[in-house]
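> As given, the protein sequences belong to chains A and B, one line each in that order. Those letters in the first sequence? Residues 1 to 392, by the numbering used here. Those letters in the second sequence? Residues 1001 to 1491, by the numbering used here.
One or more hints might be untrue.
In the DSSO-like style, the derived pairs of lysine-lysine whose C-alpha atoms are separated by at most 30 angstroms in a straight line are [stated by the list, open to error]:
#1 A:LYS73 with B:LYS1106
#2 A:LYS310 with B:LYS1133
#3 B:LYS1408 with B:LYS1309
#4 A:LYS32 with B:LYS1408
Quick caveat, the hints were computed from the structure, so don't treat them as lab data. In this text, all values refer to a predicted model and were calculated from it rather than measured experimentally.
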Amino acid sequence: MVEVDNSLLGKEFLEMAFDRCIKCSTCKYGYKNFEKICPSGEKFLFESYWASGRIRIIRGVLSGDLEWSDDLKDPIFACTTCGACMDSCQAPHADYIVDMIEALRELAVRHIGPADKQEFLVSRCEENCNPYGKENSDNEELKKIYNLPDKAEWVYFIGCTSNYRQQSLRDATLRFLKKTGIDFTLIDEHCCTSPMIRTGQVSIVKEYMQYNIDQIQKAGAKKVITSCAGCYRTLIKDFEKFGEHYDFEVFHSLELVKQLLDEGKLKFKSSYNKTVTYHDPCHLGRHMGIYELPREIYKQIPGLHLVEMKRNRNFAWCCGAGGGVKIGYPEWSVEISRDRLAEAKETGASIVTSTCPFCKTNLSDANEKFDFEFQILDLMEILDQLDIEILN
Amino acid sequence: MTETKQRNIYEKVSKEEVEETLIAIFGSESVTKKAVDLYPYSYDMTECEAHMPDFIVLPENVDQLVKLVNFCNTNALPIVPYISGNNVGGLTIPENGGIIVDFGKKMNMILHVNENMMYALLEPGVTFGQLQKHLEENYPHLRYSYPFAPPYAGVVGNAILSGMNNMSCKLGSMGDSINGLEVITADGTIARIGSCFYGEDKSDKDSWWSRYPMPDLMGLFINWQGMTGLVTKCAVQLWPNPPIKKTYLAVVFGLTDIAAVMREVGRTEVVDDISAVSIEVIKMTVELPEPIKKEGEPDFAALFPISAKTENQMRAKKEILDLTINKLKDQGIKVILADVDEFSKLFNLRVRCYLDLPAALLSLVEYSGLTWFGSYAPTHKIEELIPKVNALFLKYKLPPFIYMKIMKYSHYGIFRPIIRYKKFQEDEKVHKLLTEITEVCIKEGCIPYKTPVWMTEKMRKHINPGWLKLFEKVKKCMDPNNIFNPGRWNT
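Just chain A, same shape as in the assembly (with noise of 0.2 angstroms):
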């Protein structure tokens, strides 16, 4: 067996890719329904780009075989890390391919670094505490418009593509939560990490996990709630992975408007008379399981007529932008959206809504470079564009 180096944050995951895998193939297609689901893979072809090849990668630089060099580079980084693999693989570690890719990329970093401009993402956090590169905003702003207290019970975490690329989705959650009357609060947020972890660049990451924990205890949040896919993903799985623990519930926002409508405290005053196809994004599905809450929530909003694209729930073709991809590799994330936007064509809808920051800029991008003239909305834009009492 080969050592692995215990400062390796992904180690147990490491050490996963030599005993399981027989390379199958049942993680390239959708599992039963045989539809194409990896992005990776059928992009670039080669095994080298799908599941079971990375986890042979592994073996070969774990075990000598293979010698980093630069051509190791887009086989590990090319991946948006969507998960799909995951819900085809029927064998034993089929929930940890995801880790195991993740792990190899720290391995990388180490090695070859990471790919082409995926440095920004930690060099920028450096500088502003955001991967976008934004003078960082404490949210003060935010909080005297909003009036909003220094302590509260809840804390919006609003991630730094809201904050910083989508203001129209985070203003709509914060008039929602304005309107639910419930008791909450901004922190000076930091990036959560979850670019940096996909990326394989893990060096700040615990340090921003132990900051932003010390900033939503010291506004002495018991729940916190976030309208980002890739925020809800890493404040509940990935600062357990990475030994950062907490006191408080982690929610996505659309938890809260679920469980408005269930207590029959949310009534809609107005309809929305449109047909809405709904991309499941990777963060919240395939690696939250969460797939027929936000369709139970749409489905109940009066006139909107949802329709499903062909490849939907744990086999949804991903948006492009998870995984690094968006900013590693920009041309192809966007043909990735571009495919799932064809797909959307079909279906005849006019809004395409999803629950995630960053699923919407990629949808959007390619809405626009292509010429698909659809809206793409998040749910908590939907839900703002309607005439809505609650109930407290």
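Given the coordinates of chain A, assemble chain B onto it according to the supplied hints.
Coordinates of chain B only, in the frame set by chain A:
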């Protein structure tokens, strides 16, 4: 890094020139020589020795392949065909390096389905899952047959290597159900074999309906492991898809009595397939990692899928099956017949992966390695084979994993000990066990298929010299420069 046996294949042409030519033929995005891309092609799930290819190419049409074959033949460069890569026996491991032709990525079209004469014309990269989906969506009244292999195993590769399927008791080897082939031979000739042979240039898509009655040139390619040419199209037979299907499970006590049960049920001509596994395999399927058979437990379980056009026909078939089982009981064989649907509900739904083919068989995907002695077997020797192989598994402290089939209503059988293992850690031990199994089974008359090179070396010692001489002559004639998958069968 794994090294190939011969590194002097670039005597006639430099590696750089080869790369330039390949890019000219296939385009730069369909050619790679990067070690990281080559590495996943260098080994398979078995303990067979790894060898790195020098290039991978992704063809999209026959013209490209003709150019490739001409170039390789002129320069004596090895060509190794590859489909989905879930091979056994090192079939796609390039023994002498060279160029792997990955058919799975771009030459994977179902070209035509003829409903009338019930066949599908396929490119080499078509997988079982793909074909099943296509038939279900477009021709639900037709079915193909599916092996106990992952959904993304290649149909053509399995057919031309005489794999088996879930209708093998009726049909026998998948190789028997091939209607026609299109092949490229060493001199770049494209030949169509079977009833599709009329027509100078292109075949009529509806002409791929029979293998006979002309001289059977298909035998020059079936079971040759890619050593005589490149298969670029293959027509496989389809069958009516009866609306009523049921599977029965026979549990048999006594280590060797399963043999009689399989033979007798096979001869009833009412079951589509018979596949039997050691009780340990059933336990593996229900998530016991390294199971042990306990005293008093049955030794084997067999599945009998039955299909029928009407309920009456199903009842009649079941009646025949019951009569046969009762007769066996009268002879003192302890066998229990159960409806597998009820069994799986009671026991563990994971068992259903065996019924809903093509599927990932859960007992086969648990480790990083999987190897076997897969063989065609004389059915009268099964009683001798089981205890000998069982003892070998126990000697190596591994749970016995014996998988058997009855083919063509008991004309012959399949005897296949399987070993699941941790690759990189247990290869040596597993290879020793497999070597012992091979020696025992060959002695009893078993004939391995999808055979690794080390195993053909052992077989050669038992094969009559005339056969070997003829075999070598044919190979030499078909592939004078030894470019097609060189090294297979020790060529």
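> Hint numbers the structure violates, sorted upward?
Violated hints: none at all, because every hint is consistent with the structure.
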